[in-house]
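Based on the hints, put chain L in the right spot on chain F.
Keeping their order, the protein sequence lines are chains F and L.
Counted from 1, the first sequence has number 40 at position 40 by my numbering; the numbering is strictly sequential.
Counted from 1, the second sequence has number 1092 at position 92 by my numbering; the numbering is strictly sequential.
In short, the hints are calculated from the structure, not lab data.
Every value quoted in this text rests on a predicted model; they were computed, and no experiment measured them.
There could be a bad hint or two in this list.
To be verified - Quick partial rundown of chain L residues pointing at chain F, CB under 8 Å, derived from the structure:
(1) Leu1011
(2) Ile1013
(3) Asn1031
(4) Thr1099
Glycine residues also receive a C-beta, built at the ideal position from the N, C-alpha and C atoms.
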Amino acid sequence: DSGVTQTPKHLITATGQRVTLRCSPRSGDLSVYWYQQSLDQGLQFLIQYYNGEERAKGNILERFSAQQFPDLHSELNLSSLELGDSALYFCASSVESRVYNEQFFGPGTRLTVL
Amino acid sequence: SQQGEEDPQALSIQEGENATMNCSYKTSINNLQWYRQNSGRGLVHLILIRSNEREKHSGRLRVTLDTSKKSSSLLITASRAADTASYFCATNVANQAGTALIFGKGTTLSVSS
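Bound conformation, chain F alone:
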């Protein structure tokens, strides 16, 4: 158990809909990362938050947004969903260090867009 929790585990929805994925980081970790894993793109970094502030952006679509709340949990919002958004979405957390940033991953949310 990594200490990172994600809900829900599975999500099935239709094209055009909006969903929210939730993540609680390990106790004490201020950095939260979101990654998307799909068969064709592999593991792609989406966005990082540090202590409530956006820290870095990766390959995140404009239809996606995220935030980190004062209690450090984070939410990833996906809107106007397309079939290609079907993927595993992982949240990870770590201490903020350029050298020792071992990341702890949650179990993921499997999103299926029909």
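For chain L alone, kept in the frame of chain F given last:
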């Protein structure tokens, strides 16, 4: 964009044999990490090697890093069936905003008994 590329894409061995996976990357790094993923589940951190280190050990794992060649290798000795999983290298790129990891596409390891 993909930073790391693992080689081979797939590896099948017998229990007790050693497994070696390689990773190449493109830009300067702060560190390189290896993760394991069991079928569709979360990633588990295995080992981190800093850019100024050349070799690191953890149990049956041995990682090497050659920054001049921008490559790393992961050796799993005396493999067990429980080692069956996908293995990913991930780099923390130097001089980037934030501390996100860039992952390779992974090596799928199958260990048969």
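Results for each hint:
no. : hint    : in the structure
1   : Leu1011 : 18 Å, violated
2   : Ile1013 : 23 Å, violated
3   : Asn1031 : 6 Å, holds
4   : Thr1099 : 5 Å, holds
Hint compliance for this structure: hints 1 and 2 are broken, all remaining hints hold.
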